[in-house]
Amino acid sequence: MITLTDFMVVSVALFCIGLYMIISKHNAIQILIGIELILNAAILNLVAFGKYDKANNSGQIFALFAIVLAAATTAVALAIVLNVYRRYKTIDPNDINKLRD
Numbered sequence: 001m002i003t004l005t006d007f008m009v010v011s012v013a014l015f016c017i018g019l020y021m022i023i024s025k026h027n028a029i030q031i032l033i034g035i036e037l038i039l040n041a042a043i044l045n046l047v048a049f050g051k052y053d054k055a056n057n058s059g060q061i062f063a064l065f066a067i068v069l070a071a072a073t074t075a076v077a078l079a080i081v082l083n084v085y086r087r088y089k090t091i092d093p094n095d096i097n098k099l100r101d
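Counting along the sequence shown from 1, when you hit position 72 you're at 72 in our numbering, and nothing is skipped either side.
FYI, nobody ran anything at the bench for these hints, they're computed from the structure.
From a predicted model like this one, the values you see are computed outputs, not experimental measurements.
Ideal Cβ positions, reconstructed from N, Cα and C, are used throughout, including at glycine.
Accuracy of the hints is not assured; some may be wrong.
[To be verified] What follows is a set of in silico ranges between Cβ atoms, one per label pair, in the way DEER data are often shown:
{"id": "1", "residue 1": "V76", "residue 2": "A13", "range": "21 to 29 Å"}
{"id": "2", "residue 1": "L4", "residue 2": "Q30", "range": "27 to 35 Å"}
{"id": "3", "residue 1": "D6", "residue 2": "R87", "range": "41 to 49 Å"}
{"id": "4", "residue 1": "D6", "residue 2": "A71", "range": "20 to 28 Å"}
{"id": "5", "residue 1": "D6", "residue 2": "Y88", "range": "39 to 47 Å"}
{"id": "6", "residue 1": "L19", "residue 2": "S58", "range": "24 to 32 Å"}
Generate coordinates for the entire structure from the input sequences, incorporating the hints supplied.
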């Protein structure tokens, strides 16, 4: 049987991988993937604690809202990255140094 500790270990691994991707990458798409991994780690925690909550399924409800929020955030962030690429012809955050004309 999978215990709560197993869920937490996987969640910590996802969080650490996402944090490493945010810190080490110089590509906007890879940074967004790192953010998504961190969000998935939080969602996994919510679902894991909701599994062991016998009174009500508040963990699953919060996880559903977090998944919807993550999908909306990803759509907006991808639109921003595409517009930045269209304007500057790069997605390296270090090369984009001015936001005005």
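Checked hints:
The given range of 21 to 29 Å is respected by V76 and A13, whose C-beta atoms sit roughly 27 Å from each other. A C-beta distance of roughly 31 Å is found between L4 and Q30, which places it inside the suggested range of 27 to 35 Å. Between D6 and R87 the Cβ separation comes to about 46 Å, which falls inside the hinted range of 41 to 49 Å. In this structure, D6 and A71 meet the distance hint of 20 to 28 Å, their C-beta atoms being roughly 26 Å apart.
Checked against the hint of 39 to 47 Å, the pair D6 and Y88 passes, with Cβ atoms roughly 44 Å apart. Distance hint check for L19 and S58: the Cβ-Cβ separation is about 27 Å, which falls inside the suggested range of 24 to 32 Å.
Violated hints for the displayed structure: none, as all numbered hints are satisfied.
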